[in-house]
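Novice: Here's the letter readout for the chains.
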Amino acid sequence: MKHEKTKHEFRANTLPALVTVGPVTIIMVLLIAVPLIYVAVMSFCSIDEFYNVTFDFTLENYVRLANVDYLKIYAQSIVIALVTTVICILVGYPFSYIIARTKSKKKKILYMLVIIPFWTNSLIRIYGWRTFLGSSGWLNSLLAGIGIAKEPIEFLYKQGTTILGMVYCLIPFMILPLYTAIEKLDSSLLEASSDLGARPVSTFLEVILPLTSSGIFSGSLMVFIPCLGYFFVSDILGGGNSDVIGNLIERQFQSGNNWPLGAALSIILIVVTLILVKIYQKLGGDMDSLGV
Amino acid sequence: MKREKKAKRIKRLSIVFCTLVYVFLFLPISVIVVNSFNATTTKPYMSWKGFTFDWYIKLWDNTSLLEALGNTMIIAIVSTVLATIIGTLGAIGMYRYKFKGKGLIDGLLYIPVVIPEIVLGISLLTIFAKVNIPRGMLTLILAHVTFCIPFVIFNVRARLAGYDNSIEEASMDLGANRIVTFFEVTLPVLAPGILGGALLAFTLSIDDVIISYFVYGQTKTYPLKVMESVKSGVSPDVNALSTLILVGTILFVVLTQGDLFKKKSS
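The listed protein sequences correspond, in order, to chains W and F. Quick note: the first sequence, position 199, residue 199 per this note's numbering, numbers continuous. Plus 1000 on top of the position in the second sequence (first one is 1) and you've got this note's numbering.
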């Protein structure tokens, strides 16, 4: 009897649970958890004279992280990511507000027009900016053509150009959650606020902003964190003083060939991500809304 | 009167503002499209030398570029199918069954969504090197499946939130077995979430540069091919191909979502 029962239990619960959750568990454990743990282990390893990773415990990689040149780049990364996030909010908020509150039938088209540019590969689009802004680029030809600039102006290789590229790549991640949050706003609340005598500014600060803050929080998280890693943007548009942490990591895994040092640099990004996610959750952010 | 004037001014201002944002969003795309007709033949292919269709013809001789595009499509299709199947099953299982370690898997799912892609890329690179899996098509597909699964799961889960279990019970009471119930009842209800997740997975896969950059070996994808030519100058045939892809996707959307552009849509 007991055997029968466990057999039934197996067929009714254990088997379907295994079939459904098994594959995703295997992938998440083997290709997310194990690799990240391995990176953490590697950050304490050394390399031999042939750049092979050897499993001699060392703290040297972490000591090297405190190097002055690196500290400058961390600070610079954070400045670039912060400025990018602020610009994305300042541009993305009013923009999302206007298109989400449009009563026109064109609303869906306006929304699609935000997404369409992102069907072209991001590298090519960033390269498009380079073609536009370069010293022999289109903007300079235009400026020379109408006689404004006699000498070509160098727009590239500046921190500002990197920020422009970052904003360009990441602004949809701000606009889309904001659009969703603003679209959910109940118009009657806004009317009630103004009927009760609130001026537009206080309606915005006391009604609209609190109700749409979830969009700002998730948008900021999805803009700020990738900024720290987008090495190709500063590679293509930026110059010497616009590297982000991603550039440092990329170099150690490609040309530099010091994987343990690269692993230790990655740990910085992991820690920053964990801290920001914790803050996001403290602010009442919903993790599920990040991926949809 | 004064109020009306003010409202009009605000409206005009917001139209100007939105137009500027759209110009910003479409500016590099227009550069790409225009440059695909550029007659220049000298690197870095930036200055305008007249109009030509040549690049659209030369494109078909650029076998390595076409091969890279083929790789991108194979990887995107295979990864999307795998991620969609694994993700859908996973979402259903996690919604329905209680088991040990569920919280852990849940936590792991958020990692690919929030962590910088470069960290995911190098962690996969190190583990593939450690267990001696040669880098190539297989590692690219494994990597893409991994970062696509969570997006499928979150989309299906959003759909499951409003799911009524009793319709499955009804189906079983009426004599359908578990498999039939799954295909005839569960799947159709979840279909919009599954489709949304699959579409997102496909988009993420074809656009991925950073993760692929660390695991590609000899198998180059289209974005990696572009990355390679960025230093010396992206040649206009790449622009021509990008233009064709863009036109293709817009046509696809207009045809499948046609009602979006009809005047009557609400």
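Please note: incorrect hints may appear among the correct ones.
Below are the SDA-like pairs computed for lysine to any residue, each with C-alpha atoms no more than 20 Å apart in a straight line [what the hints assert, rightly or not]: (1) F:1008 to W:7; (2) W:105 to F:1014; (3) F:1100 to W:26; (4) W:107 to W:91; (5) F:1231 to W:154; (6) F:1049 to F:1063; (7) F:1008 to W:154; (8) W:108 to F:1135; (9) W:7 to F:1097; (10) W:107 to W:15; (11) W:107 to W:117; (12) W:158 to F:1231; (13) W:108 to F:1021; (14) W:107 to W:184.
Simulated restraints, written as ranges between beta carbons of each label pair [to be verified]: (15) W:54 to F:1250: 21 to 29 Å; (16) F:1063 to W:113: 51 to 59 Å; (17) W:113 to F:1054: 50 to 58 Å; (18) F:1054 to W:185: 50 to 58 Å; (19) F:1180 to W:50: 28 to 36 Å; (20) F:1167 to W:198: 53 to 61 Å; (21) F:1132 to W:105: 57 to 65 Å; (22) F:1005 to W:185: 24 to 32 Å; (23) F:1011 to W:191: 45 to 53 Å; (24) W:78 to F:1180: 50 to 58 Å; (25) F:1052 to W:71: 29 to 37 Å.
In case anyone wonders, no lab produced these hints; they're calculated from the structure. Don't be surprised by glycine CBs; every beta carbon is placed ideally from N, CA and C.
Novice: Give a verdict on every hint.
Specialist: Status of each hint after checking the structure:
1. The hinted pair formed by residue 1008 of chain F and residue 7 of chain W fails the criterion: a straight-line CA distance of about 73 Å is larger than 20 Å.
2. Our distance criterion of 20 Å between C-alpha atoms is met by residue 105 of chain W and residue 1014 of chain F, whose separation comes to about 17 Å.
3. Our distance criterion of 20 Å between C-alpha atoms is met by residue 1100 of chain F and residue 26 of chain W, whose separation comes to about 14 Å.
4. With a C-alpha separation of about 18 Å, the suggested pairing of residue 107 of chain W with residue 91 of chain W holds against the 20 Å cut-off.
5. For the hint pairing residue 1231 of chain F with residue 154 of chain W, the CA-to-CA distance comes to about 18 Å; that is within 20 Å, so the pair holds.
6. The suggested pairing of residue 1049 of chain F with residue 1063 of chain F is violated, with an alpha-carbon distance near 25 Å, which exceeds 20 Å.
7. For a cut-off of 20 Å, the pair hint linking residue 1008 of chain F to residue 154 of chain W is broken: about 40 Å separates their Cα positions.
8. About 42 Å separates the Cα atoms of residue 108 of chain W and residue 1135 of chain F, which puts this hinted pair outside 20 Å; it is violated.
9. Our distance criterion of 20 Å between C-alpha atoms is met by residue 7 of chain W and residue 1097 of chain F, whose separation comes to about 17 Å.
10. For the given pair, residue 107 of chain W sits about 47 Å from residue 15 of chain W by alpha-carbon distance, which is inconsistent with the 20 Å threshold.
11. As the CA atoms of residue 107 of chain W and residue 117 of chain W are separated by approximately 17 Å, the hinted pair is consistent with the 20 Å bound.
12. Distance restraint check for residue 158 of chain W and residue 1231 of chain F: the Cα-Cα separation of roughly 17 Å lies within the 20 Å cut-off, and the hinted pair is therefore satisfied.
13. Straight-line distance between C-alpha atoms of residue 108 of chain W and residue 1021 of chain F comes to about 17 Å, which keeps the hinted pair within the 20 Å bound.
14. Between residue 107 of chain W and residue 184 of chain W, the direct Cα distance comes to roughly 15 Å. Compliance with the 20 Å bound is thereby established for this hinted pair.
15. The beta-carbon spacing between residue 54 of chain W and residue 1250 of chain F, approximately 53 Å, falls outside the hinted interval of 21 to 29 Å.
16. Distance hint check: the CB atoms of residue 1063 of chain F and residue 113 of chain W are about 35 Å apart, inconsistent with the given range 51 to 59 Å.
17. The given range of 50 to 58 Å is broken by residue 113 of chain W and residue 1054 of chain F, whose C-beta atoms sit roughly 31 Å from each other.
18. Separated by about 52 Å at the C-beta atoms, residue 1054 of chain F and residue 185 of chain W satisfy the suggested range of 50 to 58 Å.
19. The hinted range of 28 to 36 Å is not satisfied by residue 1180 of chain F and residue 50 of chain W, whose Cβ atoms lie roughly 60 Å apart.
20. At roughly 46 Å, the beta-carbon separation of residue 1167 of chain F and residue 198 of chain W lies outside the given 53 to 61 Å, and the hint is violated.
21. Remark: the range hint 57 to 65 Å for residue 1132 of chain F to residue 105 of chain W is upheld by a beta-carbon distance near 58 Å.
22. Range check, residue 1005 of chain F to residue 185 of chain W: about 26 Å between beta-carbon atoms, so the 24 to 32 Å window is met.
23. One distance hint, 45 to 53 Å for the beta-carbon pair residue 1011 of chain F and residue 191 of chain W, is violated here, with the actual separation near 18 Å.
24. Look at residue 78 of chain W against residue 1180 of chain F: about 56 Å separates their beta carbons, and that is inside 50 to 58 Å.
25. Between residue 1052 of chain F and residue 71 of chain W the beta carbons are some 51 Å apart, a value that contradicts the proposed interval 29 to 37 Å.
Consistency with the previously given hints fails for numbers 1, 6, 7, 8, 10, 15, 16, 17, 19, 20, 23, 25, ordered from lowest to highest.
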